[in-house]
Amino acid sequence: MLAPLIRKIRPKRIPFRHWTQRSAVAIISRKGPQGDEILLIERATIAGDPWSGHIAFPGGKQQTSDSSTRATAIRETHEEIGLDLMQNARFVGRSLDLLTRRHNALKPMIVTPYHFRLTAESNVELNMNHEVANVFWIPLAFLQDTNNHSWLHWSPFNDSSGQRFYSTWLHRSISLQLPCYYYQGSCIWGLTYQMLSDLLNAPEISPSTPSSR
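In case it helps, the working numbering puts the sequence shown at residues -16 to 196.
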């Protein structure tokens, strides 16, 4: 069950978060045929987009019209996959802030994951916009099975399509092994993997009051 895992998370906020670019994602779960499942999206392939084809959670950058980063996650989810979380889900909690940066930008960016649970009576139809190529549900049991943990060979000298444009020697000398999951032909790594890891490996601590900022 996901609920006990989420309740164990004590959200940690990065002190300077209000002076950085803020983003938020929605980690959405439901009861599926194999137990709890988590929703993931495959980003559409767009020329010049370094995140093309990546597996992610619905979400994006905070806009000035958003009252909070939680509102950002709700808005972006509705825009990207047509799911109204206010009507079809309940807010469960939030995870740890993650520090990253936008591609080719020096300014740091903080991403905050928010957890939502589809209500039992929800029978939602997802409608993807141009930013999303696919939506799928991954069983929690798959993520918890250590036999499904794998590794990705990654190099910073790859372009956004994954083609090498530096020498093979240079690629191999700086190539990294990063933890990941492979599920139905999709590779789940990077920030998405980290968010899942934070959820699955939450320590046994007293739960804190959920926050939306």
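No lab work stands behind these hints: they were computed from the structure. We treat Cβ as the ideally placed atom computed from N, Cα and C, and that holds for glycine. Any given hint could be a false lead.
[Unchecked claim] Computed spacing ranges between beta-carbons, pair by pair:
no.: 1; residue 1: T129; residue 2: G168; range: 30 to 36 Å
no.: 2; residue 1: S180; residue 2: V107; range: 24 to 30 Å
no.: 3; residue 1: N71; residue 2: I29; range: 25 to 31 Å
no.: 4; residue 1: T102; residue 2: S169; range: 23 to 29 Å
no.: 5; residue 1: D67; residue 2: L159; range: 35 to 41 Å
no.: 6; residue 1: P91; residue 2: G18; range: 35 to 41 Å
no.: 7; residue 1: N106; residue 2: L161; range: 35 to 41 Å
no.: 8; residue 1: D32; residue 2: S138; range: 15 to 21 Å
no.: 9; residue 1: S51; residue 2: S158; range: 36 to 42 Å
no.: 10; residue 1: S158; residue 2: S48; range: 24 to 30 Å
no.: 11; residue 1: S51; residue 2: T28; range: 27 to 33 Å
no.: 12; residue 1: A27; residue 2: L135; range: 33 to 39 Å
no.: 13; residue 1: A27; residue 2: N106; range: 38 to 44 Å
no.: 14; residue 1: W134; residue 2: Q70; range: 23 to 29 Å
[As the list claims (entries may be wrong)] Listed below are the simulated SDA-like cross-link pairs for lysine to any residue, each with C-alpha atoms no more than 25 Å apart in a straight line:
no.: 15; residue 1: K14; residue 2: K90
no.: 16; residue 1: K44; residue 2: I29
no.: 17; residue 1: K14; residue 2: C170
no.: 18; residue 1: K44; residue 2: D80
no.: 19; residue 1: K90; residue 2: I29
no.: 20; residue 1: K90; residue 2: S48
no.: 21; residue 1: K90; residue 2: L159
no.: 22; residue 1: K44; residue 2: G65
no.: 23; residue 1: K14; residue 2: E62
no.: 24; residue 1: K90; residue 2: A54
no.: 25; residue 1: K14; residue 2: A103
no.: 26; residue 1: K44; residue 2: M178
no.: 27; residue 1: K44; residue 2: Q17
no.: 28; residue 1: K14; residue 2: P122
no.: 29; residue 1: K44; residue 2: G18
no.: 30; residue 1: K14; residue 2: L(-12)
no.: 31; residue 1: K44; residue 2: K14
no.: 32; residue 1: K14; residue 2: L159
no.: 33; residue 1: K44; residue 2: N117
no.: 34; residue 1: K14; residue 2: Q177
no.: 35; residue 1: K14; residue 2: V115
no.: 36; residue 1: K14; residue 2: E25
no.: 37; residue 1: K14; residue 2: H61
no.: 38; residue 1: K14; residue 2: L109
no.: 39; residue 1: K44; residue 2: T3
no.: 40; residue 1: K14; residue 2: F125
Hints, verified against the model:
Range check, T129 to G168: about 21 Å between beta-carbon atoms, so the 30 to 36 Å window is missed. Taking 24 to 30 Å as the suggested C-beta distance range, the pair S180 and V107 conforms, at roughly 27 Å. Distance hint for N71 and I29: a CB-CB separation of about 28 Å, consistent with the stated range 25 to 31 Å. Checked against the hint of 23 to 29 Å, the pair T102 and S169 passes, with Cβ atoms roughly 27 Å apart.
The hinted range of 35 to 41 Å is satisfied by D67 and L159, whose Cβ atoms lie roughly 39 Å apart. Evaluation of the 35 to 41 Å hint for P91 and G18 yields a pass: the beta carbon distance comes to about 37 Å. N106 and L161 have their C-beta atoms about 37 Å apart, which keeps the hinted 35 to 41 Å range intact. The hinted range of 15 to 21 Å is satisfied by D32 and S138, whose Cβ atoms lie roughly 19 Å apart.
Between S51 and S158 the Cβ separation comes to about 40 Å, which falls inside the hinted range of 36 to 42 Å. Between S158 and S48 the beta carbons are some 42 Å apart, a value that contradicts the proposed interval 24 to 30 Å. Between S51 and T28 the C-beta distance comes to about 31 Å, which sits within the given range of 27 to 33 Å. With their beta carbons about 21 Å apart, A27 and L135 fall outside the hinted range of 33 to 39 Å.
The hinted range of 38 to 44 Å is not satisfied by A27 and N106, whose Cβ atoms lie roughly 26 Å apart. A hinted range of 23 to 29 Å for the beta carbons of W134 and Q70 is inconsistent with their spacing of about 40 Å. Taken as a hint, the K14 and K90 pair is broken in the structure, with Cα atoms around 39 Å apart against an allowance of 25 Å. With a CA separation close to 18 Å, the supplied pair K44 and I29 stays within the 25 Å bound.
Taking the CA atoms of K14 and C170, the gap is near 23 Å; set against the 25 Å cutoff, the hint holds. Taken as a hint, the K44 and D80 pair is honoured in the structure, with Cα atoms around 14 Å apart against an allowance of 25 Å. For the hint pairing K90 with I29, the CA-to-CA distance comes to about 23 Å; that is within 25 Å, so the pair holds. The suggested pairing of K90 with S48 holds, with an alpha-carbon distance near 21 Å, which does not exceed 25 Å.
Annotation: proposed proximity of K90 to L159 holds, straight-line Cα distance about 24 Å (limit 25 Å). Note on K44 and G65: the hinted pairing holds, with a Cα-Cα distance of about 17 Å set against a maximum of 25 Å. Using a Cα cut-off of 25 Å, the hinted pair K14 and E62 holds, with the two alpha carbons roughly 23 Å apart. With a C-alpha separation of about 23 Å, the suggested pair K90 and A54 falls inside the 25 Å cut-off, and the hint holds.
Only pairs whose Cα atoms come within 25 Å are accepted, and K14 paired with A103 is accepted, the gap being roughly 8 Å. A hinted pair counts as satisfied when its Cα atoms are at most 25 Å apart, and K44 with M178 qualifies at roughly 17 Å. Straight-line distance between C-alpha atoms of K44 and Q17 comes to about 33 Å, which puts the hinted pair past the 25 Å bound. Restraint check: the Cα-Cα separation between K14 and P122 comes to about 9 Å, which is no more than 25 Å; the hinted pair holds.
As the CA atoms of K44 and G18 are separated by approximately 31 Å, the hinted pair breaks the 25 Å bound. The straight-line distance between the Cα atoms of K14 and L(-12) is roughly 15 Å, inside the 25 Å bound, and the hint therefore holds. Note on K44 and K14: the hinted pairing is violated, with a Cα-Cα distance of about 29 Å set against a maximum of 25 Å. Taking the CA atoms of K14 and L159, the gap is about 36 Å. The hint is violated against a cut of 25 Å.
A distance of roughly 20 Å separates the Cα atoms of K44 and N117; the hinted pair therefore holds under the 25 Å criterion. Taken as a hint, the K14 and Q177 pair is honoured in the structure, with Cα atoms around 23 Å apart against an allowance of 25 Å. A hinted pair counts as satisfied when its Cα atoms are at most 25 Å apart, and K14 with V115 qualifies at roughly 23 Å. This hinted pair checks out: K14 and E25 have alpha carbons roughly 21 Å apart, not beyond 25 Å.
Only pairs whose Cα atoms come within 25 Å are accepted, and K14 paired with H61 is accepted, the gap being roughly 20 Å. Only pairs whose Cα atoms come within 25 Å are accepted, and K14 paired with L109 is accepted, the gap being roughly 16 Å. A C-alpha spacing of about 11 Å is found between K44 and T3, which places the hinted pair at or below 25 Å, so the restraint holds. A C-alpha spacing of about 14 Å is found between K14 and F125, which places the hinted pair at or below 25 Å, so the restraint holds.
Checked against the numbered hints given earlier, the structure breaks hints 1, 10, 12, 13, 14, 15, 27, 29, 31 and 32 and satisfies all the rest.
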